[in-house]
Amino acid sequence: TVDVFFDPANPAGTFDVVDRSSGIVLQNDVAYFDGISISQNGWQLQLSGAPQPGDTLTVQNNSNAVGDNRNMLLMAGIQTESVLNNGNATLEQSYNSLISEVGVVTQQVKINLQVEESILQQAFERRESISGVNLDEEAADLIRFQQAYQAAARVIQTSQEIFNSLLSAV
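All you need for the working numbering is the position in the sequence shown, starting with 1, plus 764.
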């Protein structure tokens, strides 16, 4: 905690920067002007306005304020804490484990897909071998049936000629 004190005992228009906990004067008799910047312990402050002798401005850490970066620090700390798997794994370890499991399951699914596609192909081939049409066999059967039809037509024609001959003889 630091006080910016416009000490009436000092020359007019000057101020001191004092460490409140120790009482040590960090900066003495600093000339004030509107817009002056004060830097101390990693922070910077810009003053404006018309301060009066005896005015004090206290600068201290606001440890209970919104936006004090506390939540971010807690979140960053979780990275190395074992908070998952009953306190046995960090977030990173659990994430890596999950990615590995997803990769293994994906590979198993790909292998199962290949096996199922192979079984399906074999089933198609078996069905075709049992019920499929062999064009050479079908062409040979067609010629054989055509010849049988022509032979049957000749038998009928010959029978009709014999029958007509018998009728004309009577």
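For the record, the hints were derived by calculation from the structure and aren't laboratory data.
In this text, a Cβ means the ideal position worked out from N, Cα and C, and glycines have one as well.
Treat the hints with care, as some may be off.
To be verified - Label pairs and their calculated CB-CB ranges:
| no. | residue 1 | residue 2 | range |
| --- | --- | --- | --- |
| 1 | Asn-898 | Thr-870 | 40 to 46 Å |
| 2 | Asn-928 | Arg-890 | 43 to 49 Å |
| 3 | Asn-825 | Gly-777 | 25 to 31 Å |
| 4 | Val-897 | Thr-922 | 17 to 23 Å |
| 5 | Leu-862 | Gly-813 | 55 to 61 Å |
| 6 | Val-866 | Arg-890 | 33 to 39 Å |
| 7 | Asn-849 | Ser-785 | 33 to 39 Å |
Beta-carbon spacing of Asn-928 to Arg-890 - inside the hinted bounds 43 to 49 Å or not: Since the Cβ atoms of Asn-928 and Arg-890 sit about 57 Å apart, the hinted range of 43 to 49 Å is violated.
Is the gap between the beta carbons of Val-897 and Thr-922 within 17 to 23 Å? Roughly 36 Å apart at Cβ, these two residues miss the hinted range, so it is violated.
33 to 39 Å as the expected CB spacing between Arg-890 and Val-866, which holds or is violated: 36 Å, holds
Is the distance from the Cβ of Asn-849 to the Cβ of Ser-785 consistent with 33 to 39 Å? At 45 Å between Cβs, range violated.
Between the beta carbons of Asn-898 and Thr-870, is the distance compatible with 40 to 46 Å? 43 Å, holds
Distance restraint evaluation - Asn-825, Gly-777, Cβ atoms, bounds 25 to 31 Å: Because 29 Å falls inside the window, the suggested range holds.
Could you check the hint for me, namely that Leu-862 and Gly-813 are 55 to 61 Å apart, CB to CB? 57 Å, holds
Comparing the model with each numbered hint stated earlier shows that hints 2, 4, 7 do not hold.
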